[in-house]
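Each chain is listed here by its residues.
Number of protein chains: 4
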Amino acid sequence: MTYWTMTATGREHLKLAHGDVPVPGPREVLVKVGAAALNFRDRLAIDDGLTMVFPETGPFVPGSDMAGTVVAVGAAVERWQPGDRVISVSLPGWIDGSGPGDALLGGPEALGSGYFPGVFSEYVVLDQEWVVSAPANLTDAEASALPMAGLTAWTALVERGRLRAGQTVLVQGTGGVSLFGLQIAAAHGAKVIVTSGDDAKLARAAALGADHGINRNSRDWVQAVHELTAGHGADHILEIVGGAHLARSLEAAAVGGHVSLIGVLGGFEFAGKISDLARKKLTLHGIQVGHRRSLEELVRAVDQAGISPVIDTAYPHTELPEALDHMTRGPFGKVVLTFP
Amino acid sequence: MTYWTMTATGREHLKLAHGDVPVPGPREVLVKVGAAALNFRDRLAIDDGLTMVFPETGPFVPGSDMAGTVVAVGAAVERWQPGDRVISVSLPGWIDGSGPGDALLGGPEALGSGYFPGVFSEYVVLDQEWVVSAPANLTDAEASALPMAGLTAWTALVERGRLRAGQTVLVQGTGGVSLFGLQIAAAHGAKVIVTSGDDAKLARAAALGADHGINRNSRDWVQAVHELTAGHGADHILEIVGGAHLARSLEAAAVGGHVSLIGVLGGFEFAGKISDLARKKLTLHGIQVGHRRSLEELVRAVDQAGISPVIDTAYPHTELPEALDHMTRGPFGKVVLTFP
Amino acid sequence: MTYWTMTATGREHLKLAHGDVPVPGPREVLVKVGAAALNFRDRLAIDDGLTMVFPETGPFVPGSDMAGTVVAVGAAVERWQPGDRVISVSLPGWIDGSGPGDALLGGPEALGSGYFPGVFSEYVVLDQEWVVSAPANLTDAEASALPMAGLTAWTALVERGRLRAGQTVLVQGTGGVSLFGLQIAAAHGAKVIVTSGDDAKLARAAALGADHGINRNSRDWVQAVHELTAGHGADHILEIVGGAHLARSLEAAAVGGHVSLIGVLGGFEFAGKISDLARKKLTLHGIQVGHRRSLEELVRAVDQAGISPVIDTAYPHTELPEALDHMTRGPFGKVVLTFP
Amino acid sequence: MTYWTMTATGREHLKLAHGDVPVPGPREVLVKVGAAALNFRDRLAIDDGLTMVFPETGPFVPGSDMAGTVVAVGAAVERWQPGDRVISVSLPGWIDGSGPGDALLGGPEALGSGYFPGVFSEYVVLDQEWVVSAPANLTDAEASALPMAGLTAWTALVERGRLRAGQTVLVQGTGGVSLFGLQIAAAHGAKVIVTSGDDAKLARAAALGADHGINRNSRDWVQAVHELTAGHGADHILEIVGGAHLARSLEAAAVGGHVSLIGVLGGFEFAGKISDLARKKLTLHGIQVGHRRSLEELVRAVDQAGISPVIDTAYPHTELPEALDHMTRGPFGKVVLTFP
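Residue numbers (full-length UniProt numbering), protein chains in the order written: chain B, 1 to 340; chain S, 1 to 340; chain C, 1 to 340; chain W, 1 to 340.
Just chain B, same shape as in the assembly (with noise of 0.2 Å):
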């Protein structure tokens, strides 16, 4: 089988190398990756090294995202058999609420960086516990969107906005946690607006069921928020551009909203006015992801409500720097891995 591995920090290191199909353990599956997602966090392991090691047995292998078919499983395995289509949980070993982790560090880890095992490969070996269901409605291309992109948006606006019809709910830019948070939101009975400087991308935003586009680059996209809500604000924004844009926001929150932090494109280091997050009783929310039965909630979600996530571009697999350009470049929805 085929796999990406590095051996050292940097793009020109990154190479398909071949080995042995893994055997698992007696807890572990092996799942056949049929498409795996590219994520920011993937660009900024493989190119800048950022929360990744080389691990001191085996290869490092990059990506946290993928859906497949368990081909085999460990003899203690009891959630899963043969022909079982999953997903995987990308931050393994956090179940439930706020999981594990201490004050220094917070936590955990994920998958493909080097502290566990990475997807961009023909063949994974987890432990059965780092798997879900994949949504019945979904190929794996679009399924394998989920364990980040999808989770990350239903966070912030489900398990921890706690999200209801009627409200409003703005999301930056259209990649793929901003597109499904606009699904997840419309999904729920939401009103949606969507923030773009590109006139043909809020178009097919719309297509998809936002309520309202906003080109930043011809207005003030704080002011439309609030003419489009007759001064309420919104309820729940999803901070995509994250630095000092956080502070516009803030502006755009209505009394009582939730802001989710989740880009650092604009800076690492986040800022705003006080008067703002307190005379409105703003609620801000730093997100990593999410927990598994999140996850599990997301799926089922998923395929009652029909949502179809957005995948820009498939590459073949063997095109992951092709693909890690592309999704540098600012695609609409997802940049996905499909393996043979």
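What the hints contain is simulated information worked out from the structure, not anything from laboratory work. Any given hint might turn out to be false.
Negatives, chain W to chain S, calculated, CB over 12 Å [unchecked claim]:
#	residue
1	8
2	75
3	76
4	154
5	168
6	201
7	204
8	251
Chain B is faced by these chain S residues, among others (derived, beta-carbon under 8 Å) [claimed, not checked]:
#	residue
9	81
10	224
11	256
Quick look at which bits of chain W chain S covers, simulated, 3 or more residues with Cβ under 8 Å [what the hints assert, rightly or not]:
#	segment
12	82-89
13	156-165
14	301-307
Just so you know, even glycine gets a beta-carbon here, dropped at the ideal spot from N, CA and C.
Model the placement of chains S, C and W on the given structure of chain B, informed by the hints.
Quick look at chains S, C and W alone, frame taken from chain B:
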């Protein structure tokens, strides 16, 4: 009767005036004020005109927090009768939930802001909905500390943070909100850590029930929090300094922790690292005092748990300027005015 | 103007009377009623005198739920102006949270109970706090169904149950509350199962968005729920029958499920097995309609999600007795009165 | 080593057997048991065979709650090392949230049920995930009371009820769960009312921190609760009797109150009036002990708040039959076995 008033912004315009005792309307009560507590926001209003207006009819009277006795009631008043001891609801009209307001201004406004009457006055007329029963076991001076300082700590720890026994609460400094935070946390069976630059104040905090004191001038207080909690961190933090100081509080917080932004001593902007926020799934709460239902709960808690608010100094009501100066110097607990 | 009234308990005392259009007090509004919805509790009050009193001043007027237009406002009214379309808050004084009341009687009382004015009248004077904006997209007949039937379903599923997409909601029968439950659940992306003894009604429910219908006369409905959910059970159940029927709902519920006790057709006592309750960690909710904040949320949800309340039959307001009889026969949705 | 076992249902088959000390598997720990607490469910299993099975391999060993010391660990164990003091997680596999199980059977099963090993044994082998750290300040006898009795009270009051200072908690009787409820409530600054038929027990409860005792044989205890709370009622009730007794608890509850159904002394069915449930918007909680995350929180709370579990009598582990008889007679707190 006498009352404090001003016709232009700035301490030099603050004057003690004489007038008639007002008469309550059909749904109003007349309260003889026993004591009134000072808040930092009073100083910002008086000295700098912050979040205040000069009312079109009648004089501007500062002050939002008082305890006193109902001495007359309007014809349609059902909630109160003469002789009832009450404290003020400092943010009138906010009964429960997120309360009134819009995305532009938030809300609501406070007593003593010019939008509503102020309580630095021997008598005050208030809507019957704008007062709640005073705790049975406190003096007026003590009870006057509840409407803003006590309620702010309660909102942060209990209403928003859902504090439970065994958790760790960190309070910064020994001002009014922080000491209420200490006492409320201790009453809930929490571990309390106090930071201060003054060993004498830490000793007094320990006498009030703090489990640990950290002199922030002697050592790195964040590291100390990690050590005192065996790496777990603080589950709840009252961020009193604000501004960039927030970044350090995020480092001190536990996985799943709650950080309430309260103070503005460090500036009106806040900043921190997204990595701390995300990897520890923190929740940041913007706190604007609290609603009436929480104030009623706080009153019951104070009585049941035997909490005695800490009054640094009680000044005769004629010495408001001296009291404001004292508050600026960093008292241990609250500075209040007492009325004859 | 005409209004319905009675001077003694019992249907035979119900009379359409004539009187002057009332004049609003300083904080009141005069509403020209467009439509009023009937609730089971109206029948209990009119026929059996349940939870009603004859007011000491003025006539008893039944009816709590109406939609209409503000035609005059008192001098101190700030929330409304003539021309505003409004619906009634059926439990006056309950703004948010748990609301008023004590351990002996609970509370609050409803409009049309004698404690408060009733709305089966061409015009009604209400406190400005006792109405909220009507949905923009509904007729008065449709909007009049929200204050009790719609709000009861919203409170059970959303406010208490915290419904999310992908969960399974079971509603019993096809009365007003159940059909609102169906529509609210579908608007949140939930799977909806309806039980009924009538296949024609199940077909109509499917057309409204129900995923599955179970004819309870054809088969064991609890077993059917287990099968339709692959053993998972229902996450939310609106228990409309009540009494001992609750025991079966507990069997149908999922682990961690929510069961809302709403109906009293099966008797005023409820019963069930502790083992179901405990081993599935169920939560049983006692539901008394809901508070004003929830009603405002429901109005926004209805407009955003395009929910059209189901009106079985609209009677001219002069035919209240016929309408009451119709309601007793088990309508599909609501029975309402329309006013000229 | 010795351990208790039986090959057929019924007390007469209960025997103390001898066997080899077991050896832990790769992810298991061997614990030398210091003390084990008895629960009512142990008697139901031993005497009546309730919710138990005879395992296909190995002997049936009763008992779910123990405190002891890790003496050996498997090769893959990371959480523990020899010398660690631990207590058992009585419902293995329930980490957080609603946990595993389906609509038919609920779940999970307990230690000592035959589905999982039992702890009435000098040594027991358990999965490393099935124990948590013991409180630092308790003896083994005291600590053994936490896994079921302590956790049940914590789940009801804190995890489900979200208890806060100043609220009123009613506990019925002075058994193990009730006394934990008393102590947990007092540690959170709540007002505690205890009912009992025995004045001596009420006096002992007062010494433990109860604010009020009501002798249910001397007067109507519901009326007494109303009086002691000035008509407010109890915000939280631990319903220990169950059956039709629940109806009285509903009468005693406050508006918005929480009633947790725990006991089955009054029968395996419960009953009450819908009017109490609805008009007071009560929440009834089905409680099955609790999850591991709550148990970890309880351990921290016990250490921080200085809670000492009440042990009525500690029997040598060879006297299990005598201990079971004692438990049936209504002890004050817990009956435990101590091991050499």
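**Q.** Coverage criterion applied to the segment 156-165 of chain W (partner chain S; beta-carbon cut 8 Å; 3 residues)
**A.** Our answer is that it holds, as 5 residues pass the Cβ test (under 8 Å) against chain S, meeting three.
Fill in: Evaluation of the interface hint that places residue 256 of chain S against chain B, nearest CB under 8 Å
3 Å, holds
ask   = Going by Cβ atoms, does residue 168 of chain W stay more than 12 Å from chain S at every point?
value = Answer for residue 168 of chain W: violated, closest chain S Cβ roughly 9 Å.
- Hey, does residue 8 of chain W actually stay past 12 Å from chain S on C-beta? It holds; residue 8 of chain W is separated from chain S by about 43 Å at its closest Cβ, greater than 12 Å.
Please verify the coverage claim for the segment 301-307 of chain W: does it have three or more residues whose C-beta sits within 8 Å of some C-beta in chain S? holds (count 5)
Minimum Cβ distance from residue 75 of chain W to chain S greater than 12 Å, as the annotation requires
Residue 75 of chain W is indeed farther than 12 Å from all Cβ atoms of chain S, at 26 Å.
- request: With 12 Å as the threshold, tell me whether residue 201 of chain W passes as away from chain S on beta-carbon distances.
  value: Non-interface label on residue 201 of chain W holds, nearest chain S Cβ at 23 Å vs cutoff 12 Å.
Would residue 251 of chain W pass as off the interface with chain S, using Cβ distances and a cut of 12 Å?
-> Since the minimum Cβ distance to chain S is about 22 Å, residue 251 of chain W lies beyond 12 Å and the statement holds.
Report task. Find the nearest Cβ of chain S to the Cβ of residue 76 of chain W and say whether that gap is larger than 12 Å. Result -> 23 Å, holds
- Measuring from the C-beta of residue 224 of chain S to each C-beta in chain B, is the shortest one below 8 Å? 12 Å, violated
Would the non-interface assignment of residue 154 of chain W survive a Cβ cutoff of 12 Å against chain S? With a cut-off of 12 Å, residue 154 of chain W comes too close to chain S, as the shortest Cβ separation is near 9 Å.
Note to self: Does residue 81 of chain S hold up as a contact with chain B if the rule is Cβ-Cβ below 8 Å?
What the structure shows: Violated: closest Cβ of chain B sits about 34 Å from residue 81 of chain S, beyond 8 Å.
Hint violations for this structure: numbers 4, 5, 9, 10 and 12, all remaining hints satisfied.
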